[in-house]
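Colleague: Single-letter residue listing:
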Amino acid sequence: MAELLKIKREFEEFQKEYYYRNREADENREKENQAATQIQSWFRGCKVRAYLSHLHKKAIIIQKIWRGFTARARVRQMVKAAYFIMKMNFYEEMAVRIQRTWRGFFVRKYIHNFYARKKYMEGLVMKNELVRRELDQLEELQKRERDCLDMVKEHTAKVYQAHRLHHLLSTKQCPGVFNSPFRPAPHEMELLLRQVKYQAPTRLVSRGKACLLGIPSSTSSSFPATLGSPLIKTSRTYSSRPILPPIANKTQQGLYREAGEAWEQRLHCRELMLCLQTSYMHLEEAQNQLRQLEPVRLRCIY
Amino acid sequence: MSQRHVVQVFEQYQKARMQFVQTVADLANRPQNIELLQNAGVLSLLRPLMLDVVPSIQHTAALALGRLADNSEDLAEAVVKEDILPQLAHSLASQNRFYKKAAAFVLRAVAKHSPELSQAVVACRGVDALVLCLEEFDPGVKEAAAWALGNIARHNAALSQSVVDAGAVPLLVLSLLEPEMALKRIAASTLSDISKHTPELAQTVVDTGAIAHLAQMILSPDTKLKRQVFAALTQISKHSVSLAEMVIEAEIFPAAMSCLRDPDEYVKKNVVTLMREVVKHTPELAQVIVNCGGLEAVIDYLGNCHGNVRLPGIMMLGYVAAHSESLAMAVIVSKGVPQLALCLSEESEDHIKAATVWSVGQIGHHTPEHAKAVATANLLPKILELYMNARSSEDLQTKSKKALKSVLQKCTYLPSLEPLLYEAPSNILKHVVCQFSKVLPHDSKARRLFVTSGGLKKVQEIEAEPGSPLQEYINAINGCFPEEIVRYYSPGYSEALLERLDDYQPA
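Chains as they are written, first to last, in our numbering: chain A, 248 to 549; chain B, -17 to 489.
Keep in mind that the hints are not guaranteed to be accurate.
Derived PhoX-like pairs: lysine-lysine, alpha-carbon spacing no greater than 20 angstroms straight-line [said to hold, decoys possible]: (1) B/Lys206 to A/Lys390; (2) B/Lys354 to B/Lys412; (3) A/Lys365 to B/Lys354.
Since the hints were derived computationally from the structure, they do not count as laboratory data. Quick caveat: nothing in here was measured; it's all calculated off a predicted structure.
Take these sequences, add in the hints, and give me the full structure.
Modeller: Laid out in structure tokens, this is it:
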């Protein structure tokens, strides 16, 4: 009986334990399952990871070698290209230098020379100054000549006046109009009157006038010396007849020309002289012609 | 006895005729008597006296007729209508020299009034008769004939052509060589009248070798001769390049400039007119004149004279500068621009001002250097003022506008452009602002000056339509400055600031 009890107790315990263990197993089943899954997955992961890393390493080696190969090829190519570009740059720079020098030379020589233009402008300024100075001098000279001429004319007019007013000369008895006793010295007109030589009013006066008017042309400079005109008294004795002007006077009267001039004109301007190469009687011939044509013309008009 | 009595009657009649003709000739000298003489029927009385037996009555009658026709155009027309001209032309061939002189005087007096009367003289074969007179020995007759031909040829080209066709030109050139001064003067004046109309006529005159003879007479002491000689050379050279070149080849130029100091005004004016006509054809001719110092002489001439005679000098400078920029620079270097500025301020007539403005435009439009020379002479505000002035003539306004535009397009001298910002109308303002927009981006000192002188402020105040070139230039200028400065100077900024003050809450 005890054994039966023990077996029963064991059977109950066994049942309890079976039940308990089942319960425990059931309770832990999930947990243990999960744990087992975790362990297995981790292990599988390790395996795969090891495999992958192995693969990676090999792939890296392959890629490393390949990349080195291509990179070296590329570098070689780049070096070639860089060398080529450096050469081209050098050539281009040299070409630019040549073209620059040539263009500068060509433009300066044939198209536009800056320094020549600058020199021209400076030269122009100097030339202008020169021209201005010369023109000033010329003007001055001409003015002096004109003034001289004016003075001579004035003096001649005064001499003529003196000639006409000769009767106003002062005598020993009676002082003239121009020689007033209140003056310290005689008037210039008085002095002129004393110098002028009296001429009788005959036909010779007109010749005298001609001589008078002929004077200014021959005395343009230093007129006081050459006023040895027939009207002014000189120290030497004079004849009663008026002195003719000197023959050295070049200006000719009227139409007469130098001996060779007409011939020269004929030689040089032959075509101009053609119209004068007409016959001696051409005027009469032309008149005859006109007279002959006259009745015809008159008939046409009327 | 009766014979003497009869002769006495005829002598009395002759004396009476002589006295009548002489008195009429003396009366005809005064213009106030002309009307009265015409009413008294003097023409019909003088006409038979011209056919008188006594030569002195004939030529005194012709002289009286000439004086009458000279003083009044109606009488000249009456002379033509009464058919006195054919009679005169016919008798020109046969009479003595006093009659020829008087007849030529009548023809001259008739021809001077109008082309129709000259045509009448030509139609009655007066030109042929006058050319016959030119072959005479007496210089008085030649002078009268040449003067009459000159009066005929003066009016138009057809009449000049008829004078040339009658063969007058070689004879006129021969008369130039005669010693008498009056004849030379008249011959030169007639040649100038003939050659002024067309190039062909000028060529005919040149073909007879006139230029060489005229060139010899340049330095003669007689003033009126010099006037006529230079006038003749001017008329010849104005037509074409080849004629001008022929005139230059006669080597008148360095010598002619001495005549620019002559005391007579018209000689100087004619010399400068000659230079102008020569210079206007080609740059080479202009170069010849510049090289012998012509610019200096002309600028001195402009300084010494006043009024209308300045016009050829001003135009000459303009023509020289128009050809090329080196010639324009030559004008600037010879101090032409200050002289032109003086002319502009001193002269009051519009046409002279227009010519001055045109010349200035020709000088300044080549490069920035030239424009700077024009701008530094302070000419731009003056020209602007002439353009804006309502009293200037149309011509002056157009020329000022063109000159301003052409100079402004090259002007980079900013201090002179600034006054224009304030006064210019919008079409000129466009160019001024354009120039600013070109220069300001590159020059920092100029930008500073622009701001401090108030230019930036003025530019902001300009109203322009968006999209117009003016607005683009304004934007370009604004782009050269920082935004704060632009906003500071924009109009209404102070009001905007004050509005911000209204909204501001102090913390």
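Colleague: So, for every hint listed, does it hold in this structure?
Modeller: Right, here's what the structure says about each hint:
1. B/Lys206 to A/Lys390: OK: B/Lys206 and A/Lys390 at ~18 angstroms, within 20 angstroms.
2. B/Lys354 to B/Lys412: Holds, at about 19 angstroms.
3. A/Lys365 to B/Lys354: holds, 18 angstroms
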